[in-house]
Every structure is written in C-alpha cells, then in structure tokens.
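S.K.: Each chain is listed here by its residues.
4 protein chains.
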Amino acid sequence: MKKAKVAVLGATGSVGQRFIELLENHEFFEVTHLGASEKSSGRKYSEVMNSRWKVSADIPGYAKNMEIVNCSPEFTPGVDLVFSGLDSDVAGEIEMKYAQAGVMVISNAKNYRMSPDVPILSAEVNPEHLDVIQFQKTPGKIITNSNCTIMGVTISLKPLMDHFGLDSAVIVSMQAISGAGYPGVPTMDILGNVIPFISGEEDKVETEPQKCLGKVSGDKIESADFKISAHCNRVPVLDGHTVNVSVKLKKKATESEIRKAWEDFSGEPQRLKLPLAPEKVIQYREERDRPQPRIDLNAGKGMTTTIGRLRPDPIFDYKYTVLSHNTVRGAAGAAVLNAELIYKKGILEVK
Amino acid sequence: MKKAKVAVLGATGSVGQRFIELLENHEFFEVTHLGASEKSSGRKYSEVMNSRWKVSADIPGYAKNMEIVNCSPEFTPGVDLVFSGLDSDVAGEIEMKYAQAGVMVISNAKNYRMSPDVPILSAEVNPEHLDVIQFQKTPGKIITNSNCTIMGVTISLKPLMDHFGLDSAVIVSMQAISGAGYPGVPTMDILGNVIPFISGEEDKVETEPQKCLGKVSGDKIESADFKISAHCNRVPVLDGHTVNVSVKLKKKATESEIRKAWEDFSGEPQRLKLPLAPEKVIQYREERDRPQPRIDLNAGKGMTTTIGRLRPDPIFDYKYTVLSHNTVRGAAGAAVLNAELIYKKGILEVK
Amino acid sequence: MKKAKVAVLGATGSVGQRFIELLENHEFFEVTHLGASEKSSGRKYSEVMNSRWKVSADIPGYAKNMEIVNCSPEFTPGVDLVFSGLDSDVAGEIEMKYAQAGVMVISNAKNYRMSPDVPILSAEVNPEHLDVIQFQKTPGKIITNSNCTIMGVTISLKPLMDHFGLDSAVIVSMQAISGAGYPGVPTMDILGNVIPFISGEEDKVETEPQKCLGKVSGDKIESADFKISAHCNRVPVLDGHTVNVSVKLKKKATESEIRKAWEDFSGEPQRLKLPLAPEKVIQYREERDRPQPRIDLNAGKGMTTTIGRLRPDPIFDYKYTVLSHNTVRGAAGAAVLNAELIYKKGILEVK
Amino acid sequence: MKKAKVAVLGATGSVGQRFIELLENHEFFEVTHLGASEKSSGRKYSEVMNSRWKVSADIPGYAKNMEIVNCSPEFTPGVDLVFSGLDSDVAGEIEMKYAQAGVMVISNAKNYRMSPDVPILSAEVNPEHLDVIQFQKTPGKIITNSNCTIMGVTISLKPLMDHFGLDSAVIVSMQAISGAGYPGVPTMDILGNVIPFISGEEDKVETEPQKCLGKVSGDKIESADFKISAHCNRVPVLDGHTVNVSVKLKKKATESEIRKAWEDFSGEPQRLKLPLAPEKVIQYREERDRPQPRIDLNAGKGMTTTIGRLRPDPIFDYKYTVLSHNTVRGAAGAAVLNAELIYKKGILEVK
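Residue numbers (the working numbering), protein chains in the order written: chain Z, 7 to 357; chain E, 7 to 357; chain F, 7 to 357; chain B, 7 to 357.
Extracted from the complex, chain Z is given alone in its bound form:
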C-alpha cells in the first residue's frame, strides 16, 4: 500500500513535537510538510526549535532540515491528511479550510469535538463512530480525539458500560503540567504545590466521555446517558494524568468480573495490528500503590492505560485509579492511532 502524504500543523508546539516523534519512519505516513505560525515559516525546523525541542534529546533526522510553512492548504500541496496540534484559538478556522480543500483532518483540538457529525474517536472504544463522517458537509472530514484527561478514563469505562451499564461516576484528576503545553505552567505556580483548578477542564470531563461512549444514530452521535462529576487538579508531574474514579454501575458486578472485563478488552487496532496499537489496551497492576505516573507512564510505549486499586466504594459501587500518558495516549498517540485506523480500513483515500 502506498504511504499517505501528511502535514503536521502546529509543528513547533508540544503536541506537534510528539507527532513528529511518532511519525518517524512510520509505515503508513510520510511527513511532507511541517506547518506553524507565520513568524516561523520559511525557516528550518531545527533552527526554529533550537532549545525548544522538549520531548527528547534530538529532533528526528527527517524533520531537522524541513522548512516550516504556513498552516493553509495552498502551502501544503499534495497532502492526504493533516495532523493538527493547533491551539483551539486558531484550530477552528484552519482545520475547516483543510476539510473544505478535501484533506482529512486528524485533530487534537477541542473545536469540533461536540459537533454531532464529528467523532471523538478513541480507536479501541468507538471505531463505529466513523460512520457519521460521511454526513459532514465538507469534502475532507474532521476526526477528533478526546481531551487528554478522559482518554484513559473512557478506556476504563468502556468495558464496564458494555458488561454492566454505567449510572454515574466521580472523576478526580491529578494532571501533569505537560497538559498545559509550553511554556504552560510557570514553575513559581506549581513547584511543591497543587492547583485545584484547570480552566475549562471540568466542563470537558463532564461532557466528552458521554459522547465518546455514545451511539451512532443516523447521521449523528448520541451521547450515552450517565452523569459525571469532576474535580480537576494540576500537580507537579511532568507527564501522565492520574485519575481517581468512583463509579456506579447499572448491574451488579464482582471485582473479578470487572478485572476480567478490563483484561479482555481489545479492539480494532489490536485486530488490525496497527503500528501504534498497544498489545494490551489496559494493564491492571496488582501492587497496592499503583498506577504511578513515573513508573507506569510508558507502558505499551505510552499507549497502554494502566489501572489499579479496584475496591468497593461505600457510596458508589467501585473505585479505582487510572493512569494514561497525556501527550501520547491522550493526544498525539491517540491521533496517530486514529489515522492508522482510517488508513488501514481504507477510509483515507491516498492520492
């Protein structure tokens, strides 16, 4: 199969850097353009990124000498798909332009997530949501992934919903600072501290999971019907969102039934052996003090969701803790996995 030509939009940002890292030597995709804001365009990527490349010691070789271009279809001719790591204040307009130009848009921004014909695609959780993209009005289609905080949470909830039904959940997050991008959180605000507030986050956490776990109904996705209450906190952790979950189910379930539902959970990415698909979607840890961001962050190269501490809850039915890598599984990795899925299923047309 021919590789698809892709551009990374927002290539200088935190998510853009992860895209560039994950797309090095990719089986399905060839990065032909790196897009960023006008002040960087025309300059070599390595020159612009001097001391701004943060995700590893070195910029991947293929990207070093690429010239940055503007984020607009006329500057990225020939691309089949764009990975958008753009900030939400510019993502709306730019992504729409690409869709209108017939380019597939894989977006990490929130702008179109709640549109009824745009999936919040989580490749193992709701691949059937791709059925609605045909109803989008533009020749190119927009596919989003969820907010980083709920990524691991929805993966943990999906098997519970399928087997036992969901009534309600309390979700309390302790979120890594990389979730705020770069420069993001000033050190003076978070070193040795906790900030019990993240702007706009609790709204997303209380609404996106229901859509992500919803059903296709004709030309749109209908949100699942269960309630969420969220507290979102920032903690001095570099990568990895840790989330405490209390959940009430519709049917009775034993601890071992829940453990089995998680351990058996697998999806299309695993069946199709997609390059970025983790062998285990969910890793349950027996140790009483896990998961922990520093230790479990890179399970399945950052694509596995780690769960631990399943135990009865005096008010809800069960409580547990879930961890996922917020900039890999929760952002760029999820987006690349989504792109791999549509490529392998032939939904992406490669010119």
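Honestly, the hints are just simulated from the structure, not real lab data.
This list has only true hints and no planted wrong ones.
Computed footprint of chain E on chain F, listed as stretches where at least three residues anywhere in the stretch have a Cβ under 8 Å from a Cβ of chain E:
1) 54 to 64
2) 285 to 299
3) 302 to 310
Derived BS3-like pairs: lysine-lysine, alpha-carbon spacing no greater than 25 Å straight-line:
4) Z:221 with Z:256
5) Z:50 with Z:60
6) E:11 with E:143
7) E:254 with Z:256
8) B:70 with Z:307
9) F:256 with B:254
10) F:70 with E:286
11) E:254 with Z:254
12) E:266 with E:279
13) F:233 with B:256
14) B:286 with Z:70
15) B:143 with B:226
16) F:258 with B:233
17) F:103 with F:116
18) B:307 with Z:307
19) B:116 with B:210
Since the model is a prediction, treat every value here as computed from it, not as a measurement.
Ideal Cβ placement from N, Cα and C applies to all residues, glycine included.
Starting from the known structure of chain Z, arrange chains E, F and B on it as the hints suggest.
M.R.: Coordinates of chains E, F and B only, in the frame set by chain Z:
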C-alpha cells in the same frame, strides 16, 4: 493562673518538633520534660537533633539544653499533662501508663481515637465531647485529635451539618509528604510523581469524621450517620493537605447560604480567645484557583482552614476544595489548641 | 521625622510585589503611587493582581484599592523616591526620567549598575560609595543594588577582603526560579532538572562584585582588583540562591580568623538600627549540611546571609557555601535597606 | 563463545536492580544467581521486590521467579563472575571471599578502589590498567568502577590529558538523589531544596580521578599528578549528575582543538563493539543551555557522556558542564561494560 507543667513525648519526631515550636513562650504551659526513645535519653536535645531539626532554622532556645528522658511517668515527675507525638506502635501503651498515673494525655496518635469515651476533639467543632472523658476509667484522661487529612474537612462539614444536614460525601485527598513523618517518603518514590495510596488512610477518612461530628449520648460518643467514600493520594508537596470534597446535604442550600455558614463559623476557642485560636476558623477564597498549599498554608499561623471553588455538583449537591496545614492544624497545633481549651475551662487540674 | 512619599514602579512584577510587602506600615516611607505598564493603569491593584499576587496569601490592605498609574513622573506627583522593580528593557529610560525630574531612584535593574558614578550599594558593604552620587548630572540620583546572585557572595567576601585581601574566586551558583521573575521558568524546563545556563548571569557575577567591593576615587568608583570565574545554574528551588565559593586570599588566614571576621561583620544599617537591618549580617552554621535554601531562607526575615562548610581548598585557600534570599536580600529587601540608609543619613530630601 | 555464568550481589538494591535490567538477554552473560541479605534469602525475587522494584514498570521475566540466595560463594556455585552492587559496609568482606574462591569480582563499591593493584576501570579511559590485576594475591580478581560523580568527569578529562596535559580542576557537582540508593534521601530534605553536602563524596572526587587517569607502573597503578578541588551538592533530580568543571591545562589549546579531542574520543569498547558500548563516548551539545539531566540522561542508552558550554575561564583555561547517568554509566552500566571488556579480551575464564 498558674502555668501547667507539660512533657512532650516523641520530642525528636516531626510532630514533636512542632510541639516544641508551638510551646515556646506559651502563656499556659511550661515544658519541663522532653521524652523520646531510650537511645536518645540522657543526651541533650540539641545534640541529638543536630541536622534532624526540620521545622525551622533553629531549635527554640528553651529546648536546646534540655536532657531527653524516657517516655514514662517516673521519668517526667510533676507534669500535669503530656503532649504525645508518639508513633502508634508505641503510643498505646505509653499513653495508657500516663493516664493510669493521673496525667492528662493530649494525643496525636490513632490508638484511642475510636474508643467511645475518648473524644476526637476538634476545639471549634465538638468541645461538648469533653463531657465523656469523666467516664474513662483512669485517673488521667486521654484526649485525641483527628487524623490530619480530615481535620480541615470536618471543620468545613460542621457548619453544613448544623445548617443543612449531611447525607454523604466523596473526599479525595492530595496529601503532603510531611504527613508521613521523617524520614518518611523516599524522594525516589515521589519526586515528579503521585502515589495513589497511603496505608490505612482511607479507613480513617471514612470513619473518623462521623465520630468527630457525632453526639454525646450518656457515657459515650455516637457517630453521626452519613457516608463517606475516600481516595487518598500522596503528592510532592511539603506541607498542606488539599482535599476535593463533593457533598450531598439533607436540605436544600444556596451557595450564598453555604458561604455564610462558613464565614460565620466560630467556636469556643475564639470566644475564649485561646492563644492558638485563629481569628477566622474558615477563610473562603474568591480566586478561582485557590486554595493552594504553598500560598494558603500559613493562613492564621497555620490554624485557619481555607476553602475555595464552591460550585454545584452534577451528582451530589455541591463540590469544593479545602486545605489545611497537616502538621499544625492537622496535628500539633490542634493538640495544643485542645490543651488550651481544657486549661482555660478548668478541666485540666494544675498541681 | 516626616515620612518620605514613594512610588513602586513595576508594582505588578515579582520584585514589585516584594516592595509592596516590605513597605507595609514602614516607619520611613509612605507608598503614594503604584506604577505599572499602560495596560494595567487606571485599574485597581487588587483587580489587576487577582491570581497574580504570589508572595503571600493576601495583598497588604493599603495597596488593594490603590489605582495603578503609568511609570512616569507626571503620573506620580509629589514622590520623593521611587523603588524600581522594572525590567531592564524599560528601566533605563524610565529611571532616567525620574532622575531628571529630581526624584531619587532606588533601582533593582542592571541598566546603570556599571556607570562609574552610580553605586551598586550594599548597605553593610559599601555605604561610602554614596559619596559619588553627587557627581551624577541629574537633580535626582540613581542608586542600584547588585544582582541577586552576588549579594550574599559580596557580603561573605567583604570581611575577607578587609582582613586578608582577595586574590581570586570561583563562584558556582544554584539559583532559585524566582530569580527569573514571573511567569519566568516554564515547569517543563526545570521540574526534576538542572539548567546549567542563565542568560547574561555569568557576566554580571564576574564583574559586579569587583565594583561593589571597590573604592571611591574622586567622582567615581574603581573596581577592586581580583578575578572571578563563574558557573551559573538554575535548580528547582523556589526562593534562595545557594552558592559554592572557592577563594584565594592575599594573606594567610586560619579558619577561626575567617569565622571571626564573618561573625564580627556589622555595618551602618546595624549601627543606625535601620528597620530592615538584620541583627546578624552573617549567620555561620555549624551543621555540616548547611546552609540550605528551604531551612535558612528566612534567617533575619530574609535579610541575613547564611554561610556554612568553611574548609581548606586544595587549589585555592578556602571553600564554603553561602545562601541568601534572592528576592528579599538579593532584590527588594536590599533596595529598601538602601533607601532606609539614605533616609536616615539625610541624603534623601523629604519634601 | 560460551556465556559466562554470573551472580548479582546486592540484587534488591538500586544498583542491583540496574544490573538485573542490563543483563536481560545479555549476549555474554547468564544470570544464574541473585544474592541479597539473609532476610531475603530463600524467597522469590518478585515477592521480595513487590513495590520495591523502582527502575521500570516490571521486573525482567528471567529474574521474577529466581530464588534469592546468600551472598557467599557456597551459595552461588558455578559462577564465573559476580556483579557486586553491595553497600560498602559489607562489600569488603564478601568481595574478598569471592576473589579467594577464584571468582572474578566486578564491583561498584568503594572498598578496594584505592588498592594499588585494583583498577578503577573505565573501559574507554584506562583498559591498560587491567595489566595489574595479575598481581592481586587472590585466584579471583577484583575490578572496580569509579564513583558515579567522577565517571563522566574522567571521560571528559581523558582526551584533555592526552592532548594538552592536566594541571588542575575545580569540580562542582549537582547530584541526583538516586545516587544515595533507596530509600536514600528523605523527601522532606530535598523537595524544592539543595543540600550542599554529601558524606564522603568530596574526598572521592578529589582523589579517584587521579588514579583512574594514572599509569601502570610495574605491579601497581600510579595516580596522575594534578589537583582537584570539589564541591558536591545534592539537588532534586531523579537520575543524572550534572557537573561544572573549570580546568587548567599544561599546554595551550583552542576551543576547536578541545572539541575535536572530545569528538574523536573512542576506545576499546567501541573497537570491540561491546554490547553496552555507546556509539559516541562523548556527545557535545551546541545548544547554550545543555546538557540537562532530564533531556540528555539517556543519550546512548545512558552510556554516553554529554558535554556542553565549553568557554574560556578567567582563572583557569576553560570551563564546561558534563552530565552522565549516575546509575547507568556511573554504576551498573560501567560495571557491565567492564565485564564485557574482560570477557571479550579473554581475561575472564569461562568454565
């Protein structure tokens, strides 16, 4: 009024150090003995504590040259009261010996907290619980303070219970490492990390508040009837436990009614103008990102409980965040305030 | 004596906040104006600072309702002196305007530090440098304080120079993030990390101490003649610069002579009993693992310099470690102490 | 070639864990025994290590079910070589027993480092030091690696010594907490703090490099003749020691000559293509703010030494910063590389 003679037991530990700091030049109390384990006894406090004094730059002058003694009544003759910062593995036996010897025991340990005739005294919340100590069988009486995590939480719940009744609460803590004592948490375990587990803590958080907020019934304290579900996490913060609370009330309440209940909350320590009583028991912060441990830790010299982010909860009625200083308000400070209360009310007999 | 009327310029920044804190209820100074950039002017200080006030829980009452004005003499009528916490990119022009308007300028910026008729004033170290300000051409005079990193170092070197002469010194700093202002260092750059570079810092560290320790010669200050080699590093510490010093002296000195020179060191601020003068200019710690920023930061309310670990050096003569509070002693506190000195000595004319 | 049978001594400690990780599927070595203290012996490794395994998410499969034995030759029959990650308080006696029993000892402990016939072997720096082990009196031989702090420093100094000669150096370290083992540094001591003292460390840093860079003279190693002055500091970094170096050379050198000497530096491990040999012994970074522990830690899988910021020094000739991974290159990785060297060169006899 004559000063009471007191000993600090566990004087070399974290809580013991706070006791020594808070008792410097105290109006009511004169520290006559410092007790610690046998390997320290007979040595000067400053000599034993070289590089182990952690709560400030210098050991208070009065304590420097005191000779450490064993923690047993025969080694602390003449004391009216002991402040016990002993670990729970030795506190049970030693505290009982003192009570049998006719000495008042103000304890920070968990050993006797759940005994029906021992108050978990929080001076503003339940001073009437002192009525049961007369039913203790020993000539000296034991008075405990609560676990550090629930100290601020129970202070926040007390006005809610009085005005609106309590149905249930989810309590999620992000706890400072000083709560684990010294040496406590190894840096390798917590730097840039979160540990979603603290041994034994969730049990205490799910049971102590009900007793603390309970009623005296004859010779014992009956726990209040509401449910708590707890998640306890350790975070890389030095001092100050931050707690997310979701609460369901028995009666409807508006946000402004709740705010007023908190702002008006005051107790016997304030009326009696006890030395360590904070002017404001509760400080509500208007800023959307408060309370934060680093900024709000020392409100009221570490004795004020800071609350913020009151907002409606989609599952419960309201949610908010509460912060208190875990080794001051949550441990040594609470204990000293309890001692001040019994001294001022004449419950403590001074020889 | 009549209080001087003062303005704080750069009132919303990190150093500005410290000025506002230190000037609360000051014996000598009354803050009549708070100056900041145009986008803040006309608004109430507390409104602008919502969530930006970082140095303590609450803005001092006197400043809360003050209206912010532009940083220019016509907007701050009647002031005798300005405290400038302005960034160096704007400080040069604004401070000069004030000097031309006849206002005394106490500056924390680097712009005029190396001008021969402008003292880098360190009140205990070189009060005689005030003799040169008469030669400044403007009716108002400019007085600077040193870079935060060398403040404690020059205090430690002054008694050594006076008693034994200075030949050369290696100065290696581990600097707190507050030295970079706010928002300053992104958390992603420094959490669990060390950055062995601070822009422009090593140049200042290798040249300012010689001027600070220099002599008045007619109408200018001549730098002292000794060499410095500096390495400057950023570490994940909130406040407090820790500096390792290796020093070669001109005359032989024993450890006890050096210790005595430090312990005896006292200056005009102590003789004049200036409000912000620490009782001890230098505190030497006997413990083998001190000074440490967290423990020794607030010695003398942040105005004392703490030294420890004096020992022979195999290449130089001696080595030791020195710590000072970079935003108090190293910035706002030093500036206020300088202002107190010129007020008390009658150098500041109060209208 | 037949694999050598090896035991890991001190298998439950920090260095021991790294040994177990690095020896998974090793080409030359087969781990047949895991040795630890008596209280662990007889138990399965995975059982003992529950929640104590710190270096990654999972214990390597081969080690999980191995039964821990005592650290004594009679309990590890058939081993050709032992990797000792033992603490120095027990290493002396145990390692000697193994040497007397004819087993090759690759030690990370300090006990025998300064014995004239024991090399402080750094495989790229001084492979010729192996010539002296024949003069050891025991049938088995002891080979040590250097202290973790000087490992990267000696690698940076070796090409300078060879090309330009060494006169003297100031070495200031900012050391990661993993260097103190586990539990090691209490969080209360180092979070948001710097400790300017590490027990015994400065002595090692001022003497081991001279031996490591010395010459074989008959039956012993003679230390090189240059002076070092050291300051050692602990910083809140997990892994990776950052060291500021000021160095005086015997001959003049330009920056580009020094850079070339570093870039060309390569040794026997590279020529022999040893499994753990990094392709680049030294990586020089052009960025002005590098090396940094978090970013450069894993260069060459933790075996490459990263240098940056070479610049003239006003007192010495040059200054620069060097970083190496203290528990990989500075401990277990160096030891395994040493063992690979003697295996490949046929110095290790495999039974």
